[in-house]
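Generate the whole structure from the sequences, applying the supplied hints.
Here the protein sequences come in this chain order: A and B.
In this text, residue positions in the first sequence follow the numbering used here: the first is 8, and each later residue adds one.
In this text, residue positions in the second sequence follow the numbering used here: the first is 249, and each later residue adds one.
Because the hints were derived from the structure by calculation, they are not lab data.
Mixed in with the good hints, there may be bad ones.
As the list claims (entries may be wrong) - Distance condition first, Cα-Cα at most 20 angstroms in a straight line; then the derived EDC-like pairs of lysine to aspartate or glutamate:
#1 Lys290/B with Glu15/A
#2 Lys84/A with Asp62/A
#3 Lys326/B with Asp310/B
#4 Lys331/B with Glu301/B
#5 Lys59/A with Glu83/A
#6 Lys305/B with Asp334/B
#7 Lys67/A with Asp310/B
#8 Lys290/B with Glu49/A
#9 Lys67/A with Glu22/A
Residues per chain are reported as follows:
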Amino acid sequence: GNSVTQMEGPVTLSEEAFLTINCTYTATGYPSLFWYVQYPGEGLQLLLKATKADDKGSNKGFEATYRKETTSFHLEKGSVQVSDSAVYFCALSALTNFGNEKLTFGTGTRLTIIP
Amino acid sequence: EPEVTQTPSHQVTQMGQEVILRCVPISNHLYFYWYRQILGQKVEFLVSFYNNEISEKSEIFDDQFSVERPDGSNFTLKIRSTKLEDSAMYFCASKTGGRGYTFGSGTRLTVV
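Pasting the structure below:
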């Protein structure tokens, strides 16, 4: 079946540090890839997405590139802020064995940025 | 921007009671989903719904769970007899035929 493996957390960085959160996937067919963010006490917000190989998704200074050859979709940001503290979920959308499409999430990575 | 609306935002219920979690998906969306997240853990798929029937369900979605789209706008998740381990955040999502999913802000269910 489809699955997402995500870098274990928690991750703690100083403000203005460079961020990478690793994500790799296993899927049949051609999945779309997503990063969702969950701020404390809130729901899931789409951060960025990419729908085909070599696409780069970007939003709010975050970027991720769909790498088919390495089945990866690593999240990066050049200079993090305290307000980026949240839990980040990598996810894929692909057809399942039932011919249905759904999102499959990674375990989430808790990111804390200290001033 | 269109939203998926979930009510209530927080529900506390006694073990063994029935609960209904409500969702209003985006009006032109065709596919509907329920996910749950036990505190601090992974977001897990429960069920997907298309064309007025369940298209897929996970092993979590046992006979205690059911979904309905009673009136063409609401999409409900019913838990017939709640257990302590049903305590979680429940998220509703909807999408069009494309791959853009929109999530609601969730219902936190606490079973005591």
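Any hints this thing doesn't respect? Which numbers, in order?
4, 7
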